[in-house]
Structure formats: C-alpha cells, structure tokens
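Can you build the whole structure from these sequences, using the hints too?
Each chain, letter by letter, is given below.
Number of protein chains: 2
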Amino acid sequence: MIKKVLIGALCGAVILTVGILIGNYGITKSGSSAPSWVKDVAKDVDENFIEKFLAEVDNMQIQANLKELTKVPHMATTPGDEQTVEYVLKRWKDPESGLDDAWREEYMVYLSFPDPENPNKVTVVDPSNNVLHTVREKEKSYTPDQLDPEVVQPYAAYSPAGQAQGKLVFANQGKVSDYEKLNETLGSLSGTIAITRYGGAGRAAKAINAAPFGVVGVLVYTDPLEMNDGRMSDENETYPHSWYLPPSGVERGSYNTHYGDLLTPYLAAKEDTYRIHPEDITGLPPIPIQPIGFEDAYKLICELGGPPALDTWQGGFNCTYNYGGPGFKDTSAFNQSDVKLDIHNIEQVKSSANVMGIIRGSVEPDRYVIYGNHRDSWVHGAIDPSSGTSVMLELTRVLGRMVKQKLWRPRRSIIFGSWGAEEFGLIGSAEYTEQYFTRLSERTIAYINVDIAVFANATLKASGMPSVQSVIFKAAKQVSAPGENSISVYDNWIKYSNRTSQTHGTIPRMGYLSGAGSDYAPFVHHLGITSIDMSYTYDRSKTSARIYPAYHTAYDTFDYASRFIDPGFTSHQAVARTAGNILIRLADSLLVPFNCSDYTEILKVYLNHAVTLYKSELQAQNIPMKPLEQAVASFETAANHLEKVIRDSDLANETPLKVRRINDQLMLLDRAFLNPLAFPDKYAFRHVIWASSSAGHPTFPGLADSFVKANTSGLTSDWERVHYHVSVLSQAIEGAANTLVDVI
Amino acid sequence: MIKKVLIGALCGAVILTVGILIGNYGITKSGSSAPSWVKDVAKDVDENFIEKFLAEVDNMQIQANLKELTKVPHMATTPGDEQTVEYVLKRWKDPESGLDDAWREEYMVYLSFPDPENPNKVTVVDPSNNVLHTVREKEKSYTPDQLDPEVVQPYAAYSPAGQAQGKLVFANQGKVSDYEKLNETLGSLSGTIAITRYGGAGRAAKAINAAPFGVVGVLVYTDPLEMNDGRMSDENETYPHSWYLPPSGVERGSYNTHYGDLLTPYLAAKEDTYRIHPEDITGLPPIPIQPIGFEDAYKLICELGGPPALDTWQGGFNCTYNYGGPGFKDTSAFNQSDVKLDIHNIEQVKSSANVMGIIRGSVEPDRYVIYGNHRDSWVHGAIDPSSGTSVMLELTRVLGRMVKQKLWRPRRSIIFGSWGAEEFGLIGSAEYTEQYFTRLSERTIAYINVDIAVFANATLKASGMPSVQSVIFKAAKQVSAPGENSISVYDNWIKYSNRTSQTHGTIPRMGYLSGAGSDYAPFVHHLGITSIDMSYTYDRSKTSARIYPAYHTAYDTFDYASRFIDPGFTSHQAVARTAGNILIRLADSLLVPFNCSDYTEILKVYLNHAVTLYKSELQAQNIPMKPLEQAVASFETAANHLEKVIRDSDLANETPLKVRRINDQLMLLDRAFLNPLAFPDKYAFRHVIWASSSAGHPTFPGLADSFVKANTSGLTSDWERVHYHVSVLSQAIEGAANTLVDVI
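Line by line, the protein sequences are chains A and B.
Under the working numbering, the residue at position 691 of the first sequence is numbered 691, and the numbers go up by one with no gaps.
Under the working numbering, the residue at position 502 of the second sequence is numbered 502, and the numbers go up by one with no gaps.
Hints are supplied without guarantee of correctness; some may be wrong.
[Unchecked claim] So the derived list for chain B, only partly shown, Cβ under 8 Å to chain A, looks like this:
| no. | residue |
| --- | --- |
| 1 | Glu-86 |
| 2 | Tyr-87 |
| 3 | Thr-438 |
| 4 | Ala-652 |
| 5 | Pro-656 |
| 6 | Arg-660 |
| 7 | Arg-671 |
[Stated by the list, open to error] Incomplete in silico selection of chain B near chain A, CB under 10 Å:
| no. | residue |
| --- | --- |
| 8 | Ser-36 |
| 9 | Trp-37 |
| 10 | Val-38 |
| 11 | Leu-54 |
| 12 | Glu-56 |
| 13 | Pro-265 |
| 14 | Glu-271 |
| 15 | Ile-276 |
| 16 | Asp-366 |
| 17 | Phe-437 |
| 18 | Arg-443 |
| 19 | Phe-473 |
| 20 | Pro-627 |
| 21 | Asp-664 |
| 22 | Ile-744 |
[Unchecked claim] Derived coverage of chain B by chain A (criterion: at least 3 residues anywhere in the stretch with Cβ under 8 Å from a Cβ of chain A; other residues may be distant):
| no. | region |
| --- | --- |
| 23 | 351-361 |
| 24 | 717-725 |
| 25 | 734-742 |
These are calculated hints, taken from the structure and not from any lab test.
These figures come from a predicted structure and were not determined experimentally.
By construction, the Cβ of each residue, glycine as well, lies at the ideal position given by its N, Cα and C atoms.
Pasting the structure below:
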C-alpha cells in the first residue's frame with residue numbers, strides 16, 4: 001500500500017512537474033512576452049568594457065602612429081597631406097581594427113602659400129639700396145627633418161603679396177594701444193615698418209591695427225622671454241639640447257580673423273559654390289606681414305634708435321628695446337637704413353580632404369558622438385596636430401577591433417573626423433558643419449576635440465560646456481596619471497589647477513570654449529553642440545612659455561616630441577584613455593551624461609560678474625537687468641526640476657521614449673543658446689554664452705563687449721546695443737530653460 | 001480496476017492541469033514578460049475614434065460659438081478682445097469639455113489706432129479752403145451691429161499721422177508700374193494725392209511705391225468690379241440684400257510690410273525687451289494713407305480730369321476712369337479743388353494676449369501638433385476670424401470631452417493657440433514663435449491654421465507643404481461635403497480645383513504657404529515647421545470677388561455669416577471635421593503621416609520651371625545649375641529610400657526608437673530648408689522653398705527674384721546674387737536629402 005501510495009505520489013509529482021514544464025515553456029504567453037528589443041533599448045554603459053578599453057590603450061602604438069604620421073611635412077593640400085589622408089583611410093578601413101566605414105570628403109578652399117620659386121625676403125637696405133642684412137629664409141637644420149625640401153618657408157598665410165619699405169619701429173605686441181603709444185611717442189608712424197612680438201593680439205590684428213597709423217609693413221617674431229624662459233643659445237640651451245626654440249625658429253600661422261573657407265561664408269566650399277571676391281574678405285592683413293626668428297629680430301631690435309620703450313615692452317634680449325628713431329640708432333651699422341619686405345604669397349583655391357569614419361550605433365544610430373582632430377600641419381607637426389591624430393588612431397584601433405570582433409557596438413553612432421586645412425582657419429571642420437548643418441544640429445550629442453594631445457606632460461587640461469564637467473571628472477578619476485606616484489589623472493589635475501565650486505567644493509578648473517582655437521569652434525559656435533577640448537599640458541611652475549616652443553616651426557618633429565614633450569608617450573596614453581572613456585560614456589550611457597546644474601552654476605557666476613560690473617551703470621542708462629536675472633533663475637529651476645525627474649525615474653525600466661525625451665532635452669540644451677543675428681561682425685559665432693569676447697571678463701560676451709563700447713563712446717546707440725544684448729541673452733537663457741522644463 | 005485507472009487518470013489529469021497552471025501563471029518568466037509600455041509605444045491612430053469624432057462635430061455648436069464670439073467688436077487689445085480672451089479661457093478650462101490646461105500669455109506690442117476724439121478726415125476743398133465734400137467717417141448702419149460705439153473708424157493701421165493735400169490722380173492698384181505709367185502720362189505726380197484700388201499690390205506698398213514720385217497722400221477703395229461682381233446699390237443689390245459690400249463699406253487693414261511686433265524684431269515683445277526706434281521700422285507707409293468706401297470713391301474718380309486711363313485700369317463705376325488732370329475736370333463741381341487727408345492715427349504699445357491650451361500626449365508628450373487661429377478682428381469679425389475660432393472651439397469641445405471622459409488621449413501633445421493682434425501683422429503667433437523658438441523648432445510635428453474657416457460654401461481649399469497632401473486627402477475623403485448630394489469633401493474639391501500629378505493622376509490642387517497671409521507664416525517661414533492652412537471657399541463660376549465682400553468691414557457680422565456665407569453652418573462643420581481628422585491623424589499616427597515623395601514631386605516641378613526659365617541665361621552668365629539639379633536628384637533618391645525603409649518595416653513591432661527615428665526624419669524635413677541669412681530684407685523669411693516671391697513664377701523664390709533683378713539691371717553683382725541663391729538652394733535641398741537618407 002505504501003509502495004502504491006509512493007508510486008502514486010511519484011507519478012503525481014512527475015505529472016505535476018511535466019505540467020509545470022509545459023505550462024512554463026510550452027505555452028507562449030500571447031501578448032505578454034517581451035520583444036527582443038526591450039532589453040536592447042535599456043542598454044547602458046558597461047563599466048567592464050571601459051576597464052577593458054583602458055587596458056588596451058597602448059602608448060607604444062601611439063608612438064608608432066606618430067612616427068608614421070610625421071615622416072614628411074604635411075601642410076594642407078601638399079603631397080605629404082595626401083599621404084596622411086591615405087594612411088588614416090587605410091587604418092580606418094583595416095579589416096581587423098578598422099571602423100564600419102570610412103571615406104574622404106573634398107572641399108575647394110582658399111589657401112595662401114609662399115612662392116617656392118620666389119621666396120619672401122626681409123632685408124636691411126641702406127640709402128644707396130645696398131643690402132646690409134638678409135633675414136634667414138629657412139630655419140637652421142639640427143636633424144635631417146629640417147632638410148626636407150617640403151619644409152615650407154616661414155610665412156604669414158593671407159598676408160598680401162607686395163613690397164614694403166621703411167624705417168623700423170618696435171610696436172611691442174601690435175595691439176591698438178601699442179600703436180597708439182608708439183604713435184604718440186614718435187609723432188608719426190607713417191611709412192614705417194613695425195616689428196612686433198607674438199602674443200597679446202591675434203596674428204592678423206598686428207597688421208590690421210597697424211595700417212590706420214600709416215605703417216606699411218609688419219614683422220613678427222617670438223621673444224625668448226615669452227617662449228624660451230629667456231634661453232637664446234643653440235650652443236647648449238635650445239633644441240636639440242632642450243625643448244626651447246632655436247634662434248632661427250619661426251612660428252608660422254594663418255593671419256586671418258574669421259574661420260572657415262574665406263570665399264564661401266556659410267556655404268560648403270564645393271566646386272560650384274558661389275564665392276565672394278577675395279577683395280571682399282574681411283579680417284585679413286591690409287599690409288604685408290612676415291614672421292622671423294629671434295636670431296634676426298635680435299639684430300634688428302637691439303640696433304633701434306629712439307627713446308627706450310616702456311618697461312612692459314622689454315623682452316628677453318640683452319639690450320634695451322628702443323621704439324626706433326624711427327629707424328636704427330646713429331651708432332648702428334644700419335644707421336639710416338630701411339627694412340624692406342618682399343612678400344610673394346600666392347592665394348590658391350585647392351582641394352582639401354576631411355577623412356571621415358563611423359561606427360554605427362546599435363540602439364540609437366541617429367544620435368552621434370563626434371570625435372575629431374585636424375590632420376594638416378605647418379611642417380612635420382609632430383605635436384600640432386599629429387599627437388592628437390596618434391591618439392585618435394589608437395582609439396579607433398582599440399574600438400575598431402572590439403567592433404570587428406563583435407565584442408562591442410556603441411548604443412549611439414560614433415563619427416570620427418580627420419579635418420583638413422585647420423591651420424588656415426579650421427577650414428575642414430567648418431565646411432563639414434556647413435555641409436551637414438541640419439543633420440548634425442539635430443542629432444549630435446557632443447563633439448570631442450583632441451588637437452595637440454600633449455603640450456607638456458604635467459597635467460590634464462580640459463575645456464567644454466559646464467554640462468560635461470561631470471563626465472570628464474568621472475573619466476579622469478578612472479585613468480592613472482603618468483609618472484611614478486600612481487594617482488589618477490583627476491587627482492593630479494586638481495593639484496595643478498583648481499577652483500572652489502559652490503556645489504562641489506574644490507574641483508579641477510575646466511576651461512571654456514569661447515575662442516576659435518581649434519576645430520571645436522564650428523561645433524560650439526555655429527551649431528551649438530556641447531563640446532570638449534582636451535590635452536595634457538604644462539607645469540606652470542617650470543615654464544612660462546606661451547606655448548610649447550617648437551609650435552608651428554620646423555622643429556616640431558618626432559624627435560622633439562619623443563625626447564622633450566612626452567618621452568615614453570605615457571601622457572599621450574593618459575589623454576587617449578581619458579578622452580576615450582568620455583567618448584564611450586557619451587556613446588553608451590542610457591542617460592546622456594550631461595549635468596544641467598553645473599551649467600546653472602556657471603551661468604550664475606557669469607550673472608554675478610555682470611551684476612557687479614554693469615548693473616549700476618545699466619540702471620543709470622535705464623536698461624533693466626531684471627530679465628537676465630529672471631532668466632538665470634528660470635534656468636536654475638528648470639535644471640533642478642529635470643534632475644529631479646531623472647532621479648525619480650527608473651530609466652532602465654521606463655519606456656524608451658521617456659529616456660529619449662530626457663536625452664533630447666539634454667542634447668539640445670546648447671542649441672537654445674544660438675542666435676544667428678547676435679554677432680553680425682563675428683563669422684559663425686552664434687552661441688550667446690560662449691562667443692569670443694575682447695572685454696576680458698568671465699561673463700556674457702555680447703553684454704561685456706557692448707558694455708565696453710558704450711562705456712567708452714557714451715553714444716546712445718551703443719547703449720541701445722547693450723540693451724539689445726541683455727534681451728538676446730535673457731531670451732536665449734529663458735529659451736534654454738524652456739527646453740529643460742516638463743516637455744508639455 | 002477500470003475505476004482505479006479512471007481515478008488515476010483523472011487525478012493525473014488534474015495534477016497535470018494544476019502543474020500547467022502553476023507553470024504558466026505561477027512562475028514569473030524572468031526578463032521575458034513584456035513591460036506594460038510595450039503596447040503603448042506601438043499605439044496607432046484608431047479609425048473608430050475618428051468616426052466617433054466626425055459624428056460628434058456639431059454645426060449648431062459652431063453656430064452658437066460664433067454667436068458668442070461676435071457679440072461685440074473685438075479688435076486687438078480692446079475690451080471686446082478681452083471678452084473673447086475670457087470666453088476662450090472659460091471654454092478651455094471647462095471641467096466637462098475643456099483641455100488639460102489653458103492660460104494666457106501677454107506681449108507688449110506696437111499697434112496703431114485712429115484717435116476716437118479726432119477722427120481721420122478726407123475732404124475735397126476748393127482753393128478758398130471751403131470744404132466741398134467730406135468722405136463718410138463711419139459705415140452706414142443696416143443692422144444694430146454697425147451702431148456699436150466700439151466699431152472702429154475705417155483706417156489704415158500704421159499710416160503716419162499728418163495732413164496731406166493736393167490734386168487727385170487715379171493710380172490704379174498703386175503698383176510701381178502704375179505710378180510709372182501715371183507719372184509718364186502726367187509729367188509729374190509731385191504734390192498729388194493718389195486714389196488707388198485694393199488688389200495688385202500690398203496695402204503698404206501703395207503708399208511706399210507712391211512716395212518716390214512725389215505723391216503726398218494716398219486713398220484706397222474697393223472697386224465694385226473686384227469685390228461686388230459689379231453690384232453697387234444698397235437699395236437691392238448689396239448687404240443686407242446679398243453678401244455684396246454696401247457702398248459705404250471700407251476694408252480696414254494693417255499697412256505694414258513685415259510681420260510680427262515691429263519694435264522687437266526676432267525677440268519676444270516682453271515688457272523689458274529692447275525696442276528699436278519707431279522711425280527705424282522699415283516697410284511702413286512714408287506718407288498718409290486712408291481707405292474709403294466706393295460710395296465716396298465713385299464721387300471722386302468719376303469727377304477726375306485728364307486723359308482716360310488704360311482699359312485695364314477701368315473699374316466698375318459707370319463712368320470713365322481718368323488719370324486726373326492732376327485734379328478734377330473743368331466741368332466738375334470739384335474743379336480746381338484739392339483732396340485733403342487729415343490723419344490722426346496714434347501708435348501705442350499695448351498688451352495683447354494669446355490664449356494657449358494643451359492636451360498632453362500619452363506616448364510622445366514631447367512631440368507637438370499645434371492648431372491655431374487668431375482671435376482679434378477689425379470689427380465683429382464673424383468670418384475673419386471668428387468662423388475659424390468657432391471651429392476651433394468645437395474641436396476642443398469634442399476632443400476635450402473625450403479626454404475628460406478618459407475615452408481618448410493623443411499619442412502626441414496637442415497645443416491650441418488663440419492668437420492676438422493678427423490683424424496688425426500676425427503679432428501674437430510671431431511673438432509666440434519667437435519666445436519658444438528652440439522648443440517649438442525641436443518638437444513640433446506640424447502646425448494647422450484655420451483662420452477664416454468659411455469664405456464661401458462651395459469647396460475645400462487647402463494649402464501646405466507637399467508632404468501633408470496625402471493626410472489632407474485622406475481626411476477629406478472621410479468627410480461628407482455639405483449639400484444634398486452626399487459626396488465627400490475630397491470628391492467635391494476635385495471638381496472645383498484639380499491638377500494632374502505624375503504620381504497620382506488627377507487630384508485636388510493644393511496651394512503653397514509662400515506668403516504671410518495668416519498665422520502659419522511664423523511657423524512656416526521662421527521655424528520651418530510643416531504647416532497646413534485650410535478653409536471652405538468660393539465657386540469661382542459664381543463670383544470673381546477678390547475675397548468675401550464684407551472682409552474687414554463693419555458688415556462682417558453674425559447676421560452676414562449665417563445668412564450669406566454659411567446658412568446652417570454645414571461648411572463650418574465640414575472644415576471642422578476635415579481639420580480635426582487631420583489633427584487627430586497627426587497626433588495619433590504611429591508613423592507621422594508625411595509623404596516625402598510628394599515633396600519630391602513639387603521640387604521637380606520647381607526645378608523644371610527654373611530650368612525652363614533660367615538655365616540658358618544662367619549658362620551665359622557662367623552660373624552652373626548642375627548643383628541644383630543634383631540636389632533635387634539627391635532628394636528624390638533619399639525620399640524614395642526612406643519610403644522603402646518605411647514599407648519594409650513592421651513599425652508596430654519594431655523598437656520604438658526606430659519609429660521615433662523615422663518620425664524625426666519626417667518631422668525635421670522642413671527645418672533643413674531654413675537659412676537665416678538668405679533673405680536679409682524679408683523679415684523672418686528663412687524657408688528657401690516657400691519664401692515669398694514677387695517674380696510670379698512657381699519656382700524657387702530666391703532664385704526667381706534674384707534672376708528678375710539681375711536680368712533687369714544686368715549688373716554683375718546682381719548675377720552674383722543669383723549664383724548665391726543657386727548655392728543656398730542646392731545646399732539646403734542636399735541638406736534635406738541628408739536628413740532623409742539612412743541616419744548613419
């Protein structure tokens with residue numbers, strides 16, 4: 001009986017189990033089984049993957065990339081440039097470690113070159129027209145790199161061709177105030193040649209500021225005080241003995257005020273695109289200008305006559321800097337002599353290529369994270385820009401391999417851009433954003449720019465909109481700083497540069513992207529895309545160099561980079577890891593990792609500065625600041641609210657459309673700050689918070705600049721312009737708040 | 001044994017069943033049960049709901065709305081206007097049939113009114129300054145409506161105040177060519193007063209065109225030929241005997257060229273917003289101008305001396321229209337007399353309200369369908385705009401009730417806008433779009449405008465971007481046309497107005513939104529939002545009236561509307577049903593119901609016209625049209641591809657992010673056609689396909705207008721402007737194609 005009962009119970013149990021199994025697996029729960037995409041859409045960033053990525057980033061690969069990229073000079077549109085186009089394309093199309101797709105895009109752009117057949121000349125000529133001195137036309141060779149026939153003669157791109165001759169004067173940095181001072185002291189500058197030093201004013205500005213005073217030509221040189229911490233001797237002090245600039249080194253550069261192709265404003269520079277007349281370009285030097293080395297500048301400046309220049313104008317030479325008689329002093333061999341510029345620059349419309357590469361997003365392919373750097377250099381460009389390109393190629397190698405091995409595919413699409421002709425004015429990136437304006441505006445989460453990856457190997461330096469501060473910090477905390485003591489990039493950074501935040505306490509100090517120093521400019525200023533620019537940089541207790549000394553010279557070579565900038569390439573590696581970590585987080589996070597409150601904090605800082613600096617005078621002018629104060633308050637309320645919505649949501653289990661909605665609010669935040677009419681004189685500066693400003697105050701640029709103008713002129717129309725900017729700003733910030741509040 | 005076996009089998013079966021039940025319901029299938037939102041996100045338009053909606057739309061409710069809205073004159077910012085604000089708010093806040101939320105938004109806007117204490121005067125004065133004739137200051141009363149003291153004197157808003165006196169001349173429609181002809185014929189127009197008829201040129205243009213010829217004042221009247229099919233007698237021919245305009249009726253209007261608040265271009269007109277100086281407003285009449293009735297115009301024109309005017313200038317009066325001596329003929333009692341204008345208009349910045357109401361979307365609340373109409377009228381405004389407002393209030397009643405009863409909630413959010421101060425230049429809608437520029441640009445699927453709902457009761461008339469043609473047709477097919485024969489609105493429409501489409505064969509002819517005739521303008525031209533404007537309109541075989549004759553007069557009353565325009569309100573009902581059907585489809589369809597191929601078709605029509613009209617001359621000028629041809633081809637390829645993607649997708653079962661992606665491509669299509677710099681002289685016209693044009697050709701406006709200018713002047717700089725427009729257009733169309741191709 002027991003046996004029967006047992007058998008019966010056993011049978012029952014078996015039948016029950018079979019039933020349960022049938023019930024569980026055999027019946028399709030109609031309508032209630034989750035489609036496969038339910039899990040996909042909730043996909044978030046994978047911290048293990050980030051660990052893996054960090055481990056894979058290899059300093060020796062970066063070094064190898066740099067070696068390859070710097071084989072020959074690769075100035076925009078030269079054969080060397082084409083070689084780099086093909087190299088980047090080859091890497092991005094590699095079947096093992098390439099991207100999903102890669103291609104080149106060409107633009108026909110307006111460039112300016114010296115004439116190889118007829119080099120630019122700067123001479124000292126006596127009254128009988130005898131040449132007493134000729135400025136060096138090429139930099140001195142220390143390594144075989146400088147012997148490459150493709151090394152372009154030092155020149156000022158977009159300087160007009162022409163001859164200029166006159167008595168020399170010393171005009172400090174070529175600021176308006178410098179020429180005013182000089183003019184006041186000497187009575188007249190008419191017919192003079194001004195020698196100026198780099199810094200203080202933009203390159204083109206040194207000539208633009210000079211012309212109204214009757215100056216007929218300008219020279220520019222790098223003073224050893226600003227670049228070499230005073231060192232001048234190539235016997236033992238300068239490269240190849242150190243990172244300092246040899247006496248014959250000359251900083252090349254683009255001497256234009258606006259960015260993008262100069263003949264096709266706001267249009268992509270395609271073959272048949274309408275072009276303005278070259279004579280209608282604004283912001284170019286109206287008179288010949290030429291950069292020279294301090295070896296020659298020394299010979300000219302120390303011979304100048306006239307009264308001694310102001311103390312603040314004195315530089316690193318072991319002589320007194322005089323203003324000039326005009327001209328040289330009586331005791332000089334150059335007495336009575338002129339300085340003569342023969343400039344033979346040629347403008348040409350040439351085809352420049354961007355190289356584009358993509359990794360398609362798996363869940364939201366219509367959301368882009370763009371990562372870019374320019375590819376063109378002035379000479380070999382080891383640091384500028386190949387350090388950045390080497391980092392980018394290491395990122396694409398590591399990520400490309402993961403994609404090819406099917407180990408990873410980002411949630412959103414990643415676009416890599418290797419921009420052409422940046423050195424002439426951010427041309428490749430500007431034309432790209434002009435061509436794809438709508439599409440990029442609508443879909444781009446963020447742009448990351450790593451141009452010069454390593455200026456020096458002391459600390460991270462990062463700039464960006466305040467909303468990306470948190471993701472940069474998060475990434476920087478996960479990466480080890482180069483060097484012996486194994487602290488994080490973040491902990492190292494905070495030691496070099498920090499500030500006190502009301503919300504966060506002491507944190508590393510981030511910079512803003514208010515200028516147009518690299519290819520982030522069209523993304524930030526023309527499209528209003530949240531952007532980041534980063535690099536490793538100096539220990540300011542060790543050098544006061546304006547920038548790394550070989551910048552834009554023939555000495556910016558692989559040898560220079562690997563011996564003096566980043567031996568071992570560990571700073572490159574740290575930048576690659578940090579930037580790549582950020583890139584992955586932007587591409588993979590379920591919630592776009594932007595923090596609105598950090599934006600609020602900076603808007604409040606800006607507002608406080610504006611109130612302190614301007615409010616009482618605005619009141620006197622009957623211009624209410626209340627709308628601006630209200631707008632910042634609206635922004636704060638809206639930002640806090642959105643962050644509460646985010647905190648209160650279980651995003652991984654919410655409808656994907658709600659997550660998308662919040663992400664769109666975050667993505668489009670910066671678009672709200674665009675106003676295409678606010679700055680009619682500044683090409684493609686539309687972002688009313690981050691536009692460039694000359695007022696020198698950390699506050700709203702349109703307000704700051706218009707205030708300075710009105711306060712100087714006292715004109716009613718200028719004060720009205722201030723009121724206009726208060727309205728533009730207030731309404732833009734209210735508009736931004738409107739995008740952060742509940743969507744309806 | 002059998003029994004035992006049976007019992008055993010039974011037990012086994014029971015246990016098995018229990019097991020199956022446990023297996024099926026007792027075990028949570030971890031990770032595989034569908035979240036509740038999976039069904040929600042696939043929600044599509046419900047045809048049963050549409051049926052129900054159509055059945056609910058009630059003509060008698062629309063009639064009652066109109067009765068209420070037209071109780072008193074409600075010109076912008078008057079007490080009558082405030083009454084309508086409160087009425088609309090009350091309706092939208094109704095607990096039974098109101099919306100989710102409703103509120104008012106105020107703007108401080110620049111308006112122009114006659115001085116009630118000092119009415120405008122037009123007189124005929126003889127050389128001794130005796131007044132021989134005074135033009136009627138108010139329209140004659142036929143119903144008590146015209147006696148309301150709030151009926152504003154007929155006037156030209158924004159005419160400058162001032163006195164003008166001179167000999168009268170007849171200037172036809174006041175076009176530039178009219179003044180040229182007149183000037184040529186008479187030798188000089190200096191010091192004259194010109195009388196012009198409505199039509200042919202914009203209101204302000206009649207004065208702007210006149211001033212350069214020395215004309216000092218302008219009168220405008222409505223010729224019975226154009227408005228009354230020749231009828232002139234109020235004894236039996238005109239209102240209240242028919243819909244025709246009584247002799248004393250005067251069309252009021254806004255005499256400005258640009259739209260939006262004139263003192264705050266591109267900024268929302270808030271209290272503290274920066275305002276330009278009134279004297280810096282462009283596009284206003286530089287000389288006094290005043291509209292008069294044809295009763296008075298008859299007395300003036302038929303007395304004019306000088307040679308008989310061209311045949312094409314002759315109108316409906318039973319006399320020969322002469323040019324004027326200048327002045328009256330010798331045989332006239334007015335011989336030697338002047339016409340004198342005393343204009344006392346006052347400009348005021350006043351507070352105007354929009355009323356806003358919303359129904360929150362259930363699935364995609366961050367996508368908006370906006371439906372709007374202005375609320376302000378010139379007098380009682382039964383047709384303009386209250387016919388449209390009555391329709392809107394019926395839509396909100398029906399939809400609001402469904403929402404309150406929880407029978408329905410749209411997938412996307414619906415925003416209703418009752419705009420203020422449209423009659424003065426689309427001010428309420430323009431300020432709204434300026435204030436919420438970013439948010440609306442980012443989120444708005446479409447804007448539907450129903451201003452005058454019923455001009456006449458013959459047929460539907462609809463205008464919009466080509467992409468909405470299909471959804472308009474679909475809706476129109478589901479609604480019965482008013483009248484005995486029960487055909488659809490669509491079948492009725494095609495009888496009155498049709499065209500042959502290459503793709504669709506014979507279809508109703510849709511119009512384009514290339515002007516700024518109503519509140520769609522800021523949505524179309526400033527924001528690039530896909531828009532629709534619709535109404536019921538004339539049987540052109542029965543009348544050639546320029547518009548319904550009581551337009552902008554004191555006769556546009558409930559009596560007029562219900563007796564002559566739409567007795568029974570069945571045309572109102574048909575418009576409400578059609579517009580509501582479209583609104584529901586736009587708000588509820590899983591896939592946004594836009595058709596890109598229909599856009600392609602019209603771009604090709606435009607291109608073909610451009611090729612025919614301009615190509616050979618452009619070739620001669622070395623301006624390649626190839627980029628434009630290529631751009632249209634790119635658009636066609638991209639549109640076809642996107643439609644294939646849609647056809648090949650099972651959208652209801654796809655990831656909701658894919659559906660959203662396609663919908664975003666469709667939503668943002670028109671944004672790609674925006675260029676804020678293309679038309680610097682046309683306020684807030686940024687849409688390069690639909691901007692206004694004076695060239696009179698159905699092709700790209702910037703190209704057409706610049707071509708006319710260049711072809712007339714022959715100037716190189718004008719031809720360059722043509723080239724510029726070819727580039728702007730080509731790149732905009734390529735940009736649009738770029739948004740339709742695969743997203744990466």
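Here is how each hint holds up against the structure:
Below 8 Å, beta-carbon pairs count as interface contacts, and B:Glu-86 has none with chain A, the closest being about 24 Å; its hint is therefore violated. For the restraint placing B:Tyr-87 at the interface with chain A, the shortest Cβ-Cβ distance is roughly 24 Å, beyond the 8 Å limit, so the hint is violated. Because the smallest distance between the Cβ of B:Thr-438 and any Cβ of chain A comes to about 4 Å, under 8 Å, the interface hint for this residue holds. Hint status for B:Ala-652: violated, given a least beta-carbon distance of 11 Å to chain A, over 8 Å.
Among the interface hints, the one on B:Pro-656 holds; its C-beta lies about 6 Å from the nearest C-beta in chain A, closer than the 8 Å criterion. For B:Arg-660, the interface hint holds, the least distance from its beta-carbon to any beta-carbon of chain A being 6 Å, beneath 8 Å. The closest approach between the C-beta of B:Arg-671 and any C-beta of chain A is roughly 6 Å, which is under the 8 Å cut-off, so the hint is satisfied. The beta carbon of B:Ser-36 is positioned within 10 Å of a beta carbon in chain A (closest approach about 9 Å), and the interface hint is therefore held.
The beta carbon of B:Trp-37 comes within 4 Å of a beta carbon in chain A, closer than 10 Å, and the hint placing it at the interface holds. Interface hint at B:Val-38: satisfied, since its Cβ lies 6 Å from the closest Cβ of chain A, which is below the 10 Å cut-off. A distance limit of 10 Å between C-beta atoms decides the matter here; for B:Leu-54 the minimum to chain A is near 26 Å, and the interface restraint is violated. Checking B:Glu-56 against chain A by beta carbon gives a least distance of about 24 Å; that is not within 10 Å, so the hint is violated.
Among the interface hints, the one on B:Pro-265 holds; its C-beta lies about 9 Å from the nearest C-beta in chain A, closer than the 10 Å criterion. The beta carbon of B:Glu-271 comes within 8 Å of a beta carbon in chain A, closer than 10 Å, and the hint placing it at the interface holds. For B:Ile-276, the interface hint holds, since its Cβ comes within 10 Å of a Cβ in chain A; the closest pair sits about 8 Å apart. Evaluation of the B:Asp-366 hint against chain A yields a held restraint, the C-beta minimum of about 4 Å falling below 10 Å.
Nearest Cβ of chain A to the Cβ of B:Phe-437: about 6 Å, under the 10 Å cut. The hint holds. Using the Cβ-Cβ criterion of 10 Å, the hint placing B:Arg-443 at the interface with chain A is satisfied: the shortest such distance is roughly 7 Å. For the restraint placing B:Phe-473 at the interface with chain A, the shortest Cβ-Cβ distance is roughly 28 Å, beyond the 10 Å limit, so the hint is violated. Satisfaction of the interface hint for B:Pro-627 is found here, the shortest Cβ-Cβ separation to chain A being roughly 5 Å, below the 10 Å cut-off.
The interface hint given for B:Asp-664 is met, as the beta carbon of that residue sits about 7 Å from the closest beta carbon of chain A, less than 10 Å. Interface restraint check: B:Ile-744 against chain A, minimum CB-CB distance 4 Å, threshold 10 Å, status holds. Requiring three or more residues with a Cβ within less than 8 Å of a Cβ of chain A, the coverage given for the region 351-361 of chain B holds, as 3 such residues are present. Note: the region 717-725 of chain B has 3 residues with beta-carbon separation from chain A under 8 Å; the three-residue rule is met and the coverage holds.
Residues of the region 734-742 of chain B lying with their CB closer than 8 Å to a CB of chain A number 5, which satisfies the three-residue condition for coverage.
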